[in-house]
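Engineer: What follows is the residue order along each chain.
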Amino acid sequence: MIPAEPALTRASAAMPCVAPPLMSLRAVRAVFWKEWQSEWRTRASVKAIALFAIAAPIALSFSVAGQRLSPEVLAGALWTTLLFAALIGLSRAWVKEEENNTLALLRLGCASEAVLWGKVLWNGVLLLATQLAAVPIFIVLLDARVSNVPLFVLALLLGDAGLAIASGLLGAMSSGARARGALFCAIAVPILLPLLVSASWATAVAFGARHDAQSALQAMAAYDVALLAASWMLFDFVWN
Amino acid sequence: MKIMLLPIITLIWVTAGAVIAWTMPAANQLRATPAAFYHVPMAIAMEIAFVLSALYGIGWLRGRRVESDARSVAYAEVGFAFGIVALITGSVWAKINWNSYWSWDPQQIGIVATLLTYAALFSLRGATEDDLRRRDYWAVYAILGVIAAIFWTFVFRHLTSFSLHPSKTLTGSDPLFKFALRFNIVGFTMLLIWIANLRTRVTMVEERLHDRALQPLQPLASAANEETKEAKDVQWVSN
Amino acid sequence: MQNETGSAEMETLTVAEGAHRSTSSSPASFASSLQCSAVGKRFGTRVVMRDVSFEVKSGEVVAVVGRNGAGKSTLLRLVAGLTRPTVGSIRWLEEGTQHSDNLGWRCGLCAPDAPLYRELTVGENLEFWAQMRGAVSREELQAFLERFQLRTRWNDLAGELSSGLRARLQLAVATWHRPSVLLLDEPGANLDEAGRTLLREIVDEQRVRGVTLLATNDAREAELADRRVEL
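In order, the protein sequence lines correspond to chains R, H and C.
Numbering-wise, the first sequence is residues 1 to 240 according to my numbering.
Numbering-wise, the second sequence is residues 1 to 239 according to my numbering.
Numbering-wise, the third sequence is residues 1 to 231 according to my numbering.
Source of the hints: derived by calculation from the structure; they are not laboratory data.
Take these hints with a grain of salt, some might be off.
On the chain R side, residues computed to face chain C include the following (Cβ under 8 Å) [to be verified]:
#1 Pro16
#2 Ser38
#3 Asn101
#4 Thr102
#5 Ala111
#6 Ser112
Residues of chain H placed beyond 10 Å of chain C at every Cβ, according to the derived structure [stated by the list, open to error]:
#7 Ser100
#8 Phe122
#9 Leu132
#10 Arg133
#11 Trp194
#12 Leu214
Remember, it's a predicted structure, so these values are computed and weren't measured experimentally.
Ideal Cβ placement from N, Cα and C applies to all residues, glycine included.
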């Protein structure tokens with residue numbers, strides 16, 4: 001830990017610049033905490049994600065009018081809902097920076113990795129929190145039977161991890177471009193489709209379909225790791 | 001003359017490939033159609049194009065030379081065009097064999113998803129104002145695109161248990177068929193490189209013209225003198 | 001526009017470094033400086049600036065002036081490394097080192113349109129930036145805000161401050177870490193008379209520490225500077 005600096009007064013004006021921003025747990029926590037605070041005061045992302053994640057299954061349940069859906073269709077509907085709910089909320093963390101014009105300061109005053117992992121962590125927590133509400137509602141409204149709970153939870157967690165990780169790199173890219181919110185969806189969907197497809201496959205098994213879920217889970221885990229590695233290696237190029 | 005060699009060979013080769021395509025017997029488990037000899041090679045050339053695009057993207061990130069970026073873009077564009085041809089010829093072939101243009105076969109989904117990735121890549125490029133940042137984003141997204149393309153090409157078909165596509169088209173077929181297919185793969189890969197080279201040269205000429213606007217203003221007389229010399233040795237400094 | 005060649009300066013630098021290593025009696029004969037050489041920037045086909053060269057030595061305050069759209073803000077962003085020049089180079093030559101490849105963290109940027117987290121309080125805003133550099137206690141930051149008349153506003157949301165106070169908070173965020181390069185983009189737009197005095201003080205203090213680039217169209221603000229770079 002860097003020792004405390006002397007008071008920032010006129011007398012210290014001649015001292016050199018305070019240490020450069022470094023990647024540390026403390027910095028990651030600060031980014032996370034900042035997101036938490038501003039979300040807590042506005043609740044904009046939570047509202048947006050939760051509203052969509054709840055409205056979509058309601059709309060679906062009206063349109064299928066009480067028919068039992070096959071596990072594959074249910075899984076597909078669940079993940080399409082979760083993906084688009086996530087897309088609405090996840091870009092907020094970056095769009096907000098652009099709206100406040102803080103992106104430039106963030107580039108100057110923060111270690112890139114601290115920003116990346118702080119935001120990824122925050123987005124992961126945001127996803128988990130909203131799904132705690134949205135997934136049970138989906139299951140009840142569409143009368144889904146989760147026959148394999150551990151598999152279901154594992155698929156959700158792996159899917160969320162991928163969504164959160166991808167939102168870091170892709171969010172930073174879309175925030176540096178025009179039409180950020182819309183662009184984020186446009187560039188995130190193709191990259192997240194493989195994850196969505198594998199997740200629906202695994203979830204269908206959890207809903208009672210008879211396939212092999214293992215290869216789907218492996219594909220998800222592998223894709224998560226690939227996204228993680230790519231984010232870690234490429235984020236500096238996007239950020240600086 | 002050296003420059004003219006590739007286009008000439010390519011054109012002859014592709015024409016020969018087209019002739020062979022119209023005279024071929026049926027493949028393993030599949031009815032023959034000339035579309036086959038465009039579909040498979042084009043799809044493979046597309047994959048090659050996207051991998052090359054990502055490699056040149058890495059080249060840009062490492063060296064920040066405008067030409068790397070221009071090549072990366074050229075390969076992605078040509079690959080995208082090839083992908084669309086592969087998709088259409090594939091549909092034609094699918095109609096002949098499976099009696100439906102579109103049957104949600106994993107390979108069909110895969111190629112559409114891959115093309116979607118690259119469509120997103122183009123829209124990302126269009127949406128970024130700063131040239132240098134735009135090239136960074138492009139390169140990074142091209143690398144992500146290859147990760148997705150790898151999934152669609154190699155992982156996805158093992159995930160789903162059904163597929164109409166035969167798994168041993170190349171290895172299990174008639175030797176003559178195999179030869180024709182390989183002949184066309186080589187031909188279309190050369191076509192790919194040729195068109196991408198042309199595209200790159202066009203981009204570089206444009207870049208050079210735009211960069212000339214950044215040159216210090218010179219007195220008119222000396223500017224006219226150096227007009228010819230300047231075109232040759234414009235420096236590409238981008239950092 | 002002042003044109004200076006960068007190569008001569010680099011030579012001086014290496015000579016001085018050699019002298020330093022051989023523990024010669026004379027101290028380094030140069031201070032830190034910011035060098036822009038032949039910088040050109042275009043966005044696509046739109047040329048924002050061409051062939052901009054100048055050098056700012058440590059202790060100098062330079063006003064960047066020019067008509068609207070001349071590229072003043074772009075120049076500041078280029079210096080901060082937020083965007084890279086299409087041609088040319090921008091370097092920060094630090095005393096004792098060849099050059100610093102990453103100038104960004106040494107910069108303090110005060111740009112218009114209030115780059116603040118509106119949903120966070122004044123204190124949280126400042127503490128966030130402080131935590132990134134792993135230093136500075138809350139008491140020190142509060143003491144620091146005293147000058148900016150923001151100490152009593154520590155718990156107020158930044159989004160609810162008046163525009164004048166926001167401008168002060170921006171100045172505080174730009175200067176708390178004692179930047180070597182202070183980039184001020186129209187800093188006085190929302191400041192009252194006391195605020196302008198504060199701005200003058202800050203600019204004067206920056207002379208001890210490094211370089212100030214002041215992008216402005218306001219004649220009064222431009223008077224703070226020693227000389228001008230015209231775009």
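Engineer: Against this structure, judge whether each hint is valid.
Structural biologist: Hint by hint, here is what the structure shows:
1. About 7 Å separates the beta-carbon of Pro16 of chain R from the nearest beta-carbon of chain C, less than 8 Å, and the hint is met.
2. A least Cβ separation of about 4 Å between Ser38 of chain R and chain C falls short of the 8 Å threshold, and the interface hint therefore holds.
3. Satisfaction of the interface hint for Asn101 of chain R is found here, the shortest Cβ-Cβ separation to chain C being roughly 4 Å, below the 8 Å cut-off.
4. Annotation: interface hint on Thr102 of chain R holds; nearest CB of chain C at approximately 5 Å, less than 8 Å.
5. Proximity of Ala111 of chain R to chain C holds as hinted, the smallest CB-CB distance being about 7 Å (cut-off 8 Å).
6. For Ser112 of chain R, the interface hint is violated, the least distance from its beta-carbon to any beta-carbon of chain C being 10 Å, above 8 Å.
7. Against the 10 Å criterion, Ser100 of chain H stays outside the reach of chain C, whose nearest CB is about 45 Å from its own CB.
8. Consistency note on Phe122 of chain H: stated as away from chain C, and its beta-carbon is indeed over 10 Å from all of that chain's, at 15 Å minimum.
9. Under the 10 Å C-beta cut-off, the non-interface status given to Leu132 of chain H relative to chain C is violated; the minimum distance is some 5 Å.
10. Listed as a non-interface residue, Arg133 of chain H fails to keep its Cβ farther than 10 Å from every Cβ of chain C; the least gap is roughly 7 Å.
11. Taking the minimum C-beta to C-beta distance to chain C, about 27 Å, the non-interface status of Trp194 of chain H holds against the 10 Å cut.
12. For Leu214 of chain H, the non-interface assignment is contradicted: its Cβ lies about 3 Å from the closest Cβ of chain C, within the 10 Å cut-off.
Hint violations for this structure: numbers 6, 9, 10 and 12, all remaining hints satisfied.
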